[in-house]
Amino acid sequence: MNVDLRILRYDPEPAELTGLPTTQPKPHWVTYKVEADPMDRVLDLLIKVKAEQDGSLSFRRSCGHGICGSDAMLINSRNRLACRIRVDQLGKKISVAPLPGLPVVKDLVVEMSGFFGKYRSVKPYLINDQPEPERERLQSVKDRARYDDTTKCILCAACTTACPSFWARPEYVGPAAIVQAHRFIFDSRDEGAEERLEILADEDGVWRCRTIFNCVDACPRGINITKAILEVSSAIVGRRG
Amino acid sequence: MDYPFDAIVVGAGGAGLWAALELAREGVNTAVLTKLYPTRSHTGTAQGGVCAALGNLEEDRWDWHMFDTVKGGDYLVDQDAAEVLAHEAIETVIELEHMGLPFNRTPDGKIDQRRFGGHTRNFGEAPVRRACFAADRTGHMILQTLYQQCIKHGVKFFDEYQVVDLLFEGGEPAEGGRAAGVVAYRVADGQLHTFRAKAVLMATGGFGRMFRITSNAHSLTGDGVALCYRHGIPLEDMEFFQFHPTGIVGIGILLSEAARGEGGTLLNDKGERFMERYAPKLMELAPRDMVSRAMYQEIRAGRGIGGKDYLYLDVRHLGRKVIEEKLPDITDFARIYQGVEPLKEPVPVQPTAHYAMGGIPTNVFSEVVQDEKGTVVPGLFAAGECACVSVHGANRLGTNSLVDLLVFGRRAGRQMARYAGTVERPRPIADAAEPIRAQLDAIKSRKSTGESVSTIRHELADVMMDNVGVYRDDKLLTAARDKVRELKDRYGAVSIADCSAVFNTDLLEANELGYLLDLAEAMVAGALARTESRGAHSREDFPERDDARWLKHTLAYRGPKGPTLKYKPVSITRFEPKPRTY
Numbered sequence: 001m002n003v004d005l006r007i008l009r010y011d012p013e014p015a016e017l018t019g020l021p022t023t024q025p026k027p028h029w030v031t032y033k034v035e036a037d038p039m040d041r042v043l044d045l046l047i048k049v050k051a052e053q054d055g056s057l058s059f060r061r062s063c064g065h066g067i068c069g070s071d072a073m074l075i076n077s078r079n080r081l082a083c084r085i086r087v088d089q090l091g092k093k094i095s096v097a098p099l100p101g102l103p104v105v106k107d108l109v110v111e112m113s114g115f116f117g118k119y120r121s122v123k124p125y126l127i128n129d130q131p132e133p134e135r136e137r138l139q140s141v142k143d144r145a146r147y148d149d150t151t152k153c154i155l156c157a158a159c160t161t162a163c164p165s166f167w168a169r170p171e172y173v174g175p176a177a178i179v180q181a182h183r184f185i186f187d188s189r190d191e192g193a194e195e196r197l198e199i200l201a202d203e204d205g206v207w208r209c210r211t212i213f214n215c216v217d218a219c220p221r222g223i224n225i226t227k228a229i230l231e232v233s234s235a236i237v238g239r240r241g
Numbered sequence: 001m002d003y004p005f006d007a008i009v010v011g012a013g014g015a016g017l018w019a020a021l022e023l024a025r026e027g028v029n030t031a032v033l034t035k036l037y038p039t040r041s042h043t044g045t046a047q048g049g050v051c052a053a054l055g056n057l058e059e060d061r062w063d064w065h066m067f068d069t070v071k072g073g074d075y076l077v078d079q080d081a082a083e084v085l086a087h088e089a090i091e092t093v094i095e096l097e098h099m100g101l102p103f104n105r106t107p108d109g110k111i112d113q114r115r116f117g118g119h120t121r122n123f124g125e126a127p128v129r130r131a132c133f134a135a136d137r138t139g140h141m142i143l144q145t146l147y148q149q150c151i152k153h154g155v156k157f158f159d160e161y162q163v164v165d166l167l168f169e170g171g172e173p174a175e176g177g178r179a180a181g182v183v184a185y186r187v188a189d190g191q192l193h194t195f196r197a198k199a200v201l202m203a204t205g206g207f208g209r210m211f212r213i214t215s216n217a218h219s220l221t222g223d224g225v226a227l228c229y230r231h232g233i234p235l236e237d238m239e240f241f242q243f244h245p246t247g248i249v250g251i252g253i254l255l256s257e258a259a260r261g262e263g264g265t266l267l268n269d270k271g272e273r274f275m276e277r278y279a280p281k282l283m284e285l286a287p288r289d290m291v292s293r294a295m296y297q298e299i300r301a302g303r304g305i306g307g308k309d310y311l312y313l314d315v316r317h318l319g320r321k322v323i324e325e326k327l328p329d330i331t332d333f334a335r336i337y338q339g340v341e342p343l344k345e346p347v348p349v350q351p352t353a354h355y356a357m358g359g360i361p362t363n364v365f366s367e368v369v370q371d372e373k374g375t376v377v378p379g380l381f382a383a384g385e386c387a388c389v390s391v392h393g394a395n396r397l398g399t400n401s402l403v404d405l406l407v408f409g410r411r412a413g414r415q416m417a418r419y420a421g422t423v424e425r426p427r428p429i430a431d432a433a434e435p436i437r438a439q440l441d442a443i444k445s446r447k448s449t450g451e452s453v454s455t456i457r458h459e460l461a462d463v464m465m466d467n468v469g470v471y472r473d474d475k476l477l478t479a480a481r482d483k484v485r486e487l488k489d490r491y492g493a494v495s496i497a498d499c500s501a502v503f504n505t506d507l508l509e510a511n512e513l514g515y516l517l518d519l520a521e522a523m524v525a526g527a528l529a530r531t532e533s534r535g536a537h538s539r540e541d542f543p544e545r546d547d548a549r550w551l552k553h554t555l556a557y558r559g560p561k562g563p564t565l566k567y568k569p570v571s572i573t574r575f576e577p578k579p580r581t582y
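In the order they appear, the protein sequences are chains A and B.
Mapped onto my numbering, the consecutive letters of the first sequence carry residue numbers 1 to 241.
Mapped onto my numbering, the consecutive letters of the second sequence carry residue numbers 1 to 582.
To be clear, the hints were calculated from the coordinates, so they are not data collected in a lab.
Incorrect hints may have been included.
Said to hold, decoys possible - Short, incomplete list of chain B residues facing chain A, as computed with Cβ under 10 Å:
1. T45
2. G109
3. I248
To be verified - Here are the simulated DMTMM-like pairs of lysine to aspartate or glutamate, each with C-alpha atoms no more than 20 Å apart in a straight line:
4. K444(B) x E13(A)
5. K444(B) x D54(A)
6. K110(B) x D190(A)
7. K110(B) x D148(A)
8. K156(B) x E111(A)
9. K26(A) x E111(A)
10. K123(A) x E198(A)
11. K93(A) x D148(A)
12. K447(B) x E52(A)
13. K48(A) x E13(A)
14. K48(A) x E451(B)
15. K488(B) x E509(B)
16. K26(A) x D189(B)
17. K578(B) x D547(B)
18. K123(A) x E194(A)
19. K281(B) x E262(B)
20. K142(A) x D547(B)
21. K26(A) x D54(A)
22. K152(A) x D329(B)
23. K152(B) x E195(A)
Just so it is clear, CB atoms sit at the ideal spot from N, CA and C, and this is done for glycine as well.
Here chain A stands alone, though its shape is the one from the complex (with noise of 0.2 Å):
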């Protein structure tokens, strides 16, 4: 079948530094039609398009199949990773632009650095200085199912950039540092609820959620952030009462 596919471009440099026809000042809208299978991926297509009419669309990529959480991007006005949505899924015309709400640096790439910074924030790893057992920790079967879903997280960003809150305010840490830090808050083997708490009631913390579902819906690993987030807001909520 016959794709029209729309990609918002944007390269930074001047014409005469990249030697690209392509190239102008702002974001702009650029059509490609590929021939495509309708099992085939949206990355396949950007693929296609980078192999056979355009070498210099950039975009990030890596496992093509999830997990590596590289190439999360805003396809048909909903954030999905391009290696997890078929062309069968989206019809015989695709837009695909970059994660909103994030500095671009060049076509689909953003800047990530202030998102993994968001992450860090969040003491995103397990704190007991109690001293470590010659065998495992045990950890009971609930125990362990209590933090389950948040351990999925791939960090690809799709929640945070799909979150109004955000955008209105860019400073606020955002769902995917807090699923991080709700990894650990619930974990039976982690001491470090209080420290985490403490950064999250911050005023750019959990309050600024208003449960829009936004982050639930873009997950690509079905997360239930949203409930995630509350539960985090409840023990901050418990903790003062």
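We have chain A already, so just place chain B on it with the hints.
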């Protein structure tokens, strides 16, 4: 810019991160360079588990694990290294749990374990529960956990810095030179930077992208392996490349062996569990090379599904609970990428290019060695899939890739810390970045010649898949050798569209294609010379293993007219080679 450090880690998968963690704990001034973001590394896609003889569910012993590794590798495994692997697997898995890795748990709260291909009790009697797992995203949890610990310990990361050359002081390695650092291309702006260090670790992963159907990430182009090769370091056992039996048809995405470990079966067009005929004792849990060959035999005999080139993986009988709790991700892959519902239908599968047993030769301290005598390249280390220590020999067992990168990544970090304490930091090297700058500029400035990166890459992937795959013979390999030579010539004229500096992936892909071509050349040369069948290397014109002539490791040195081959002996300590049946 010139960055002075004491240790440089190239690659942020499991091996690189654990090495960095050890260095950070020792207070060594360390930088990790990755061409991706650390959490994008391919370790994250490992699914089924990591083996360690914890014995949490039934009796197990590390020497059984060692034996299975040696036999699984068709006796080409260096047994001193396999002993380290199986023995230290236990403490590394326990340490991962202490770091917070969310392993699945047994009813009494211990780390849960399941069966995996080729892992047995009592030297081959029957399958044993040895693979420790976190659902079917064990690699994801290992990568996350190690990255978390690196953050906790303040490791310095340079994300999206692609290493494009290695630096040596006092001559190249063959002239007695020592590692002095690396040159890296900053993807964000195209600038070249030099990083000086006393100790340099290659942890850049595999190179499955030279094959058409592969489970490997697009980024797995063998960068570190090819850079060592270009600096005169030989590559070991490159002819041994694993094809995993259960890839998604056409695109190669992996469906973990855990599906079979939990009881999934393989069926042919007649609905037969055909593995009965090939490995009556272990059935679907025979090692991967044997299962992949059995699948090819079935397909050739016309028993592929509908007479086509694939078979069925059936997990329907496991029930919804097991599938959703223990195999959620791969069930999801089948749904998305094949439109198949594994709860109700069998899943079409075919072998997919998966793992390089060969690579940069190292000793058990993860030090790079440059000849058959084991002469160390001072300051240069390698660990993980890019290295060949050799614990996988001619065929790797399932989960041992993770065990390898954990055990030898940890050892690399410790040895680097020791070494860094004994030497002075290398002096700045004048014009260190100039040779690679000239190469990259040549690609960028070349006027369009009609030779594109994608055309050469596709032709390479086709010839490697069709001629250097599961079954090989002299005719196929000779044709592959000639084709790779032709492609290397044509690569000399490759041109690209993008001349810009910012996030120029066109240029980087062109550069990576050069690595794949070099490694394909070494692989084909080793395979053509090895006139026997062993592990993953199956010669139809030489169907038997030939210990008298070929119980030895290949070393391929780069040369102007193609690789020169030398050989080195296999370390045999406990287990004399025997016929390999399951």
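Hint check:
no.	hint	result
1	T45	holds (5 Å)
2	G109	holds (3 Å)
3	I248	holds (9 Å)
4	K444(B) x E13(A)	holds (16 Å)
5	K444(B) x D54(A)	holds (15 Å)
6	K110(B) x D190(A)	holds (17 Å)
7	K110(B) x D148(A)	holds (16 Å)
8	K156(B) x E111(A)	holds (19 Å)
9	K26(A) x E111(A)	holds (17 Å)
10	K123(A) x E198(A)	holds (11 Å)
11	K93(A) x D148(A)	violated (37 Å)
12	K447(B) x E52(A)	holds (17 Å)
13	K48(A) x E13(A)	violated (24 Å)
14	K48(A) x E451(B)	holds (16 Å)
15	K488(B) x E509(B)	holds (15 Å)
16	K26(A) x D189(B)	holds (19 Å)
17	K578(B) x D547(B)	holds (10 Å)
18	K123(A) x E194(A)	holds (11 Å)
19	K281(B) x E262(B)	holds (16 Å)
20	K142(A) x D547(B)	violated (52 Å)
21	K26(A) x D54(A)	holds (18 Å)
22	K152(A) x D329(B)	holds (10 Å)
23	K152(B) x E195(A)	holds (14 Å)
Taken one by one, the earlier hints fail for this structure at numbers 11, 13 and 20, listed in ascending order.
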